[in-house]
Amino acid sequence: MAGFNKVVSSYEQAMAGLENDMTVIAGGFGLCGIPEGLIGQIKKMGVSGLTVVSNNCGVDGFGLGILLEDKQIKKMVASYVGENALFEKQLLNGELEVELTPQGTLAEKMRAGGAGIPAFFTATGYGTPVGEGKEVREFNGRPYIMEESITGDFAIVKAWKADRYGNCIYRHTAQNFNPMAATAGKITVVEVEEIVEPGEIPPSQIHTPGIYVDRVIKGTFEKRIERKVTRSA
Amino acid sequence: MAGFNKVVSSYEQAMAGLENDMTVIAGGFGLCGIPEGLIGQIKKMGVSGLTVVSNNCGVDGFGLGILLEDKQIKKMVASYVGENALFEKQLLNGELEVELTPQGTLAEKMRAGGAGIPAFFTATGYGTPVGEGKEVREFNGRPYIMEESITGDFAIVKAWKADRYGNCIYRHTAQNFNPMAATAGKITVVEVEEIVEPGEIPPSQIHTPGIYVDRVIKGTFEKRIERKVTRSA
Amino acid sequence: MALSREQIAMRVAQEFKDGSYVNLGIGIPTLAANYVSDDISVMLQSENGLLGMGRYPDEDEVDADMINAGKETVTASIGASIFSSAESFAMIRGGHVDFTVLGAFEVDQQGNIASWMIPGKLVKGMGGAMDLVAGAKNIIVTMTHADKHGNSKLLEQCKLPLTGVNCITHIITDLALLEIKDSAFYLRERAPGVTVDEIREKTAGKLVVEGDIPEMRF
Amino acid sequence: MALSREQIAMRVAQEFKDGSYVNLGIGIPTLAANYVSDDISVMLQSENGLLGMGRYPDEDEVDADMINAGKETVTASIGASIFSSAESFAMIRGGHVDFTVLGAFEVDQQGNIASWMIPGKLVKGMGGAMDLVAGAKNIIVTMTHADKHGNSKLLEQCKLPLTGVNCITHIITDLALLEIKDSAFYLRERAPGVTVDEIREKTAGKLVVEGDIPEMRF
Numbered sequence: 001m002a003g004f005n006k007v008v009s010s011y012e013q014a015m016a017g018l019e020n021d022m023t024v025i026a027g028g029f030g031l032c033g034i035p036e037g038l039i040g041q042i043k044k045m046g047v048s049g050l051t052v053v054s055n056n057c058g059v060d061g062f063g064l065g066i067l068l069e070d071k072q073i074k075k076m077v078a079s080y081v082g083e084n085a086l087f088e089k090q091l092l093n094g095e096l097e098v099e100l101t102p103q104g105t106l107a108e109k110m111r112a113g114g115a116g117i118p119a120f121f122t123a124t125g126y127g128t129p130v131g132e133g134k135e136v137r138e139f140n141g142r143p144y145i146m147e148e149s150i151t152g153d154f155a156i157v158k159a160w161k162a163d164r165y166g167n168c169i170y171r172h173t174a175q176n177f178n179p180m181a182a183t184a185g186k187i188t189v190v191e192v193e194e195i196v197e198p199g200e201i202p203p204s205q206i207h208t209p210g211i212y213v214d215r216v217i218k219g220t221f222e223k224r225i226e227r228k229v230t231r232s233a
Numbered sequence: 001m002a003g004f005n006k007v008v009s010s011y012e013q014a015m016a017g018l019e020n021d022m023t024v025i026a027g028g029f030g031l032c033g034i035p036e037g038l039i040g041q042i043k044k045m046g047v048s049g050l051t052v053v054s055n056n057c058g059v060d061g062f063g064l065g066i067l068l069e070d071k072q073i074k075k076m077v078a079s080y081v082g083e084n085a086l087f088e089k090q091l092l093n094g095e096l097e098v099e100l101t102p103q104g105t106l107a108e109k110m111r112a113g114g115a116g117i118p119a120f121f122t123a124t125g126y127g128t129p130v131g132e133g134k135e136v137r138e139f140n141g142r143p144y145i146m147e148e149s150i151t152g153d154f155a156i157v158k159a160w161k162a163d164r165y166g167n168c169i170y171r172h173t174a175q176n177f178n179p180m181a182a183t184a185g186k187i188t189v190v191e192v193e194e195i196v197e198p199g200e201i202p203p204s205q206i207h208t209p210g211i212y213v214d215r216v217i218k219g220t221f222e223k224r225i226e227r228k229v230t231r232s233a
Numbered sequence: 001m002a003l004s005r006e007q008i009a010m011r012v013a014q015e016f017k018d019g020s021y022v023n024l025g026i027g028i029p030t031l032a033a034n035y036v037s038d039d040i041s042v043m044l045q046s047e048n049g050l051l052g053m054g055r056y057p058d059e060d061e062v063d064a065d066m067i068n069a070g071k072e073t074v075t076a077s078i079g080a081s082i083f084s085s086a087e088s089f090a091m092i093r094g095g096h097v098d099f100t101v102l103g104a105f106e107v108d109q110q111g112n113i114a115s116w117m118i119p120g121k122l123v124k125g126m127g128g129a130m131d132l133v134a135g136a137k138n139i140i141v142t143m144t145h146a147d148k149h150g151n152s153k154l155l156e157q158c159k160l161p162l163t164g165v166n167c168i169t170h171i172i173t174d175l176a177l178l179e180i181k182d183s184a185f186y187l188r189e190r191a192p193g194v195t196v197d198e199i200r201e202k203t204a205g206k207l208v209v210e211g212d213i214p215e216m217r218f
Numbered sequence: 001m002a003l004s005r006e007q008i009a010m011r012v013a014q015e016f017k018d019g020s021y022v023n024l025g026i027g028i029p030t031l032a033a034n035y036v037s038d039d040i041s042v043m044l045q046s047e048n049g050l051l052g053m054g055r056y057p058d059e060d061e062v063d064a065d066m067i068n069a070g071k072e073t074v075t076a077s078i079g080a081s082i083f084s085s086a087e088s089f090a091m092i093r094g095g096h097v098d099f100t101v102l103g104a105f106e107v108d109q110q111g112n113i114a115s116w117m118i119p120g121k122l123v124k125g126m127g128g129a130m131d132l133v134a135g136a137k138n139i140i141v142t143m144t145h146a147d148k149h150g151n152s153k154l155l156e157q158c159k160l161p162l163t164g165v166n167c168i169t170h171i172i173t174d175l176a177l178l179e180i181k182d183s184a185f186y187l188r189e190r191a192p193g194v195t196v197d198e199i200r201e202k203t204a205g206k207l208v209v210e211g212d213i214p215e216m217r218f
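Residue numbers (our numbering), protein chains in the order written: chain Y, 1 to 233; chain H, 1 to 233; chain B, 1 to 218; chain R, 1 to 218.
Here are the simulated lysine-lysine pairs, DSSO-like style, with alpha carbons at most 27 Å apart:
| # | chain 1 | residue 1 | chain 2 | residue 2 |
| --- | --- | --- | --- | --- |
| 1 | B | Lys121 | Y | Lys89 |
| 2 | R | Lys124 | H | Lys228 |
| 3 | Y | Lys223 | B | Lys124 |
| 4 | R | Lys121 | H | Lys75 |
| 5 | R | Lys124 | H | Lys74 |
| 6 | R | Lys181 | Y | Lys186 |
| 7 | R | Lys181 | R | Lys137 |
| 8 | R | Lys124 | H | Lys71 |
So the derived label-pair ranges between C-beta atoms look like this:
| # | chain 1 | residue 1 | chain 2 | residue 2 | range |
| --- | --- | --- | --- | --- | --- |
| 9 | R | His149 | H | Arg142 | 33 to 39 Å |
| 10 | Y | Glu69 | B | Thr169 | 41 to 47 Å |
| 11 | Y | Gly40 | B | Arg55 | 33 to 39 Å |
| 12 | Y | Arg137 | H | Gly141 | 18 to 24 Å |
| 13 | R | His149 | H | Arg227 | 28 to 34 Å |
| 14 | B | Ile78 | H | Glu12 | 26 to 32 Å |
| 15 | H | Met45 | B | Gly103 | 45 to 51 Å |
| 16 | R | Glu15 | Y | Gln205 | 31 to 37 Å |
| 17 | H | Ser232 | R | Ser37 | 24 to 30 Å |
Source of the hints: derived by calculation from the structure; they are not laboratory data. If you're wondering where the values come from, they're calculated on a predicted model, not measured in any experiment. The beta-carbon is built from N, C-alpha and C at its ideal position, and this holds for glycine as well.
All chains, please: the whole structure from these sequences, using the hints.
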């Protein structure tokens with residue numbers, strides 16, 4: 001099954017084809033479940049003018065936050081960006097554009113993008129600044145707004161394990177936005193902790209079927225914790 | 001966790017509250033992954049005027065087909081109904097109404113119903129009899145039709161295993177429409193082969209989280225095979 | 001006397017029913033988990049994809065892949081399920097979560113809520129709040145009755161940009177428990193020692209007081 | 001000489017590229033799986049929720065929970081994934097399946113296809129066909145070039161109710177391989193021994209014949 005071997009051996013190969021002004025959809029919630037090495041490669045490549053779609057924009061010096069250092073991000077689509085001083089600075093300076101999107105709407109926009117659904121209706125955001133300028137329609141007497149789906153030139157995803165066909169599973173809450181991101185990239189790159197043999201993940205337990213995945217790379221992860229809280233604390 | 005114990009011990013309890021003229025969403029694809037005992041209970045209850053939403057309507061004498069025998073179904077929403085002589089007869093007699101819905105649209109209508117999305121756009125069915133009378137809108141130069149979601153008074157679901165909190169997993173291709181059906185019922189009843197202890201199914205492998213499930217019953221299954229084909233054949 | 005944060009959380013917890021699925025926002029709402037009666041069970045939903053959120057981990061249980069929506073390390077309780085953000089918000093948007101508890105800047109007598117944006121101040125984002133207020137069956141707002149300048153946060157009409165419309169049914173403040181219906185705040189309970197007059201004075205929106213208003217019991 | 005069903009399937013299989021995800025309809029399309037070159041691999045998608053459909057089972061492998069979209073018992077190949085119908089059609093609708101092969105009653109020069117409904121006859125349903133033709137990247141129709149009365153099935157405009165519009169790019173009949181573009185059928189290959197004249201005679205829609213038309217090779 002040579003044609004289905006999606007494993008690449010270098011980050012250069014993993015992100016080959018990424019160009020200025022492209023849209024990148026990234027999995028992750030805060031610093032949990034983020035494709036650390038792929039983000040590092042984007043920084044190394046120095047591409048700029050990026051539109052990045054991700055729930056958050058990392059923190060200063062880690063995660064997507066490192067792409068702010070050289071002003072590689074033109075526009076951020078996210079639900080919460082409050083963890084990042086550099087982000088605030090660039091936003092206030094007008095160097096960075098942000099499109100705040102409710103978290104559930106963001107997840108659904110990615111899913112819809114991957115599933116060939118160009119738009120859907122949701123009550124979320126109706127009557128708020130999020131609903132401004134969007135079409136309103138009533139169903140069963142309740143008003144909803146129309147939201148359009150999102151697709152990206154690239155999707156960068158962090159999974160726990162994948163086989164060479166691209167079948168992925170995620171670990172614990174590091175799943176978050178990754179499965180939807182995986183469906184929504186023209187080119188989907190998955191960075192994993194471990195590459196396993198096909199068949200090792202039982203077919204019904206695969207979270208992301210390989211059909212969505214173009215490239216798989218084994219990474220190493222720092223897995224920084226944003227807020228370590230323990231029972232004794 | 002008494003409040004989360006969803007296990008009931010009789011089919012009467014499992015389907016309590018089902019009344020004439022209600023809408024029932026049923027999982028299953030052909031005869032694969034169907035809640036045999038719950039269907040039997042509906043027959044036994046004798047309720048009529050039902051709208052049944054399911055990919056198929058069983059076969060003569062098995063699956064949802066048995067609900068035709070006493071004319072309990074008023075309307076069937078399905079993608080394919082070609083396996084059933086009694087269905088054809090009632091349809092031609094005008095005793096039964098059918099709303100043919102493309103399979104993927106049907107799956108998405110159930111998912112959307114459970115997910116609080118009242119409508120979505122799809123290219124499926126545009127320019128065909130399915131698209132007639134539906135709103136058409138262009139996105140990126142391609143025409144799409146608007147489809148509305150489906151919810152039911154009851155959803156009847158067949159899972160492989162569930163714990164008493166209602167967390168379910170499905171076996172092989174008996175998954176099919178069951179996960180979406182499970183989300184779309186005001187009352188969702190799951191018939192399973194085995195009830196396991198909470199925690200036995202690893203959290204990330206649960207297909208249907210218990211929040212969608214109201215009642216769980218252990219059933220016995222005939223699992224009739226529609227088209228047995230073997231390698232030697 | 002005005003309730004402490006802990007007392008507000010205690011009163012919130014009394015609202016939960018056995019078998020409730022509950023999403024708790026950051027701050028006072030999160031504290032409510034500590035005061036759930038031993039007689040009942042609730043299951044906590046964390047919108048990053050966890051149903052059945054457990055206690056904080058011991059030091060040796062800390063796992064970067066196991067966090068809650070506040071990005072804190074956490075554990076899963078027995079019988080928990082873990083899923084994607086799309087599935088998590090399908091649950092929320094689809095009305096499967098029984099109670100959502102969250103803080104607010106303002107609530108008005110239409111049940112509108114403003115909780116995420118103060119014009120002129122830096123906006124950090126709404127996170128999942130707009131989805132939660134659009135989707136949950138019962139939404140309880142916890143906040144102080146008035147701001148530190150004494151201005152009421154229970155208004156005839158919210159002044160700040162909204163998080164959601166016609167969605168709030170209950171408010172538990174440091175002074176009172178109120179229900180919103182028919183475009184008014186219905187006073188249901190007073191904090192121990194707080195008078196109806198004080199509540200009336202600090203409620204800018206339309207307040208309805210029917211009969212004797214009991215004190216909260218803890 | 002007109003191709004047999006097996007030969008049509010063989011010619012279909014030549015279209016697949018190494019690493020293709022393919023959905024095969026019932027009938028001749030399903031046969032194509034038997035003729036995939038040993039040099040390449042394709043993965044079969046079955047729309048009831050199986051990616052990586054394998055061979056039919058041995059007698060002792062038969063499992064009622066393991067079927068394909070034709071409701072036949074089947075196996076999963078190594079590396080297969082199994083998922084819900086919603087996920088399956090997310091793949092299909094979202095354009096992730098590389099090839100869909102299906103039969104038809106009629107195809108027209110606009111790429112419209114009619115394959116599910118004959119007015120006056122009992123309608124069994126479209127199953128997943130409308131989703132497949134709306135979603136796949138490359139759609140190959142297999143059918144006889146003309147019906148048993150000799151009437152062409154390649155039309156200027158479909159007469160029967162449609163399954164999808166502007167979606168068919170390739171047709172492989174018992175007589176020819178044709179590509180649809182610019183509102184015409186472009187003749188690309190002839191079945192061995194079949195003349196361009198015979199194909200022209202049996203093609204009601206606009207046929208474009210550019211240069212020498214090679215015979216199919218098997």
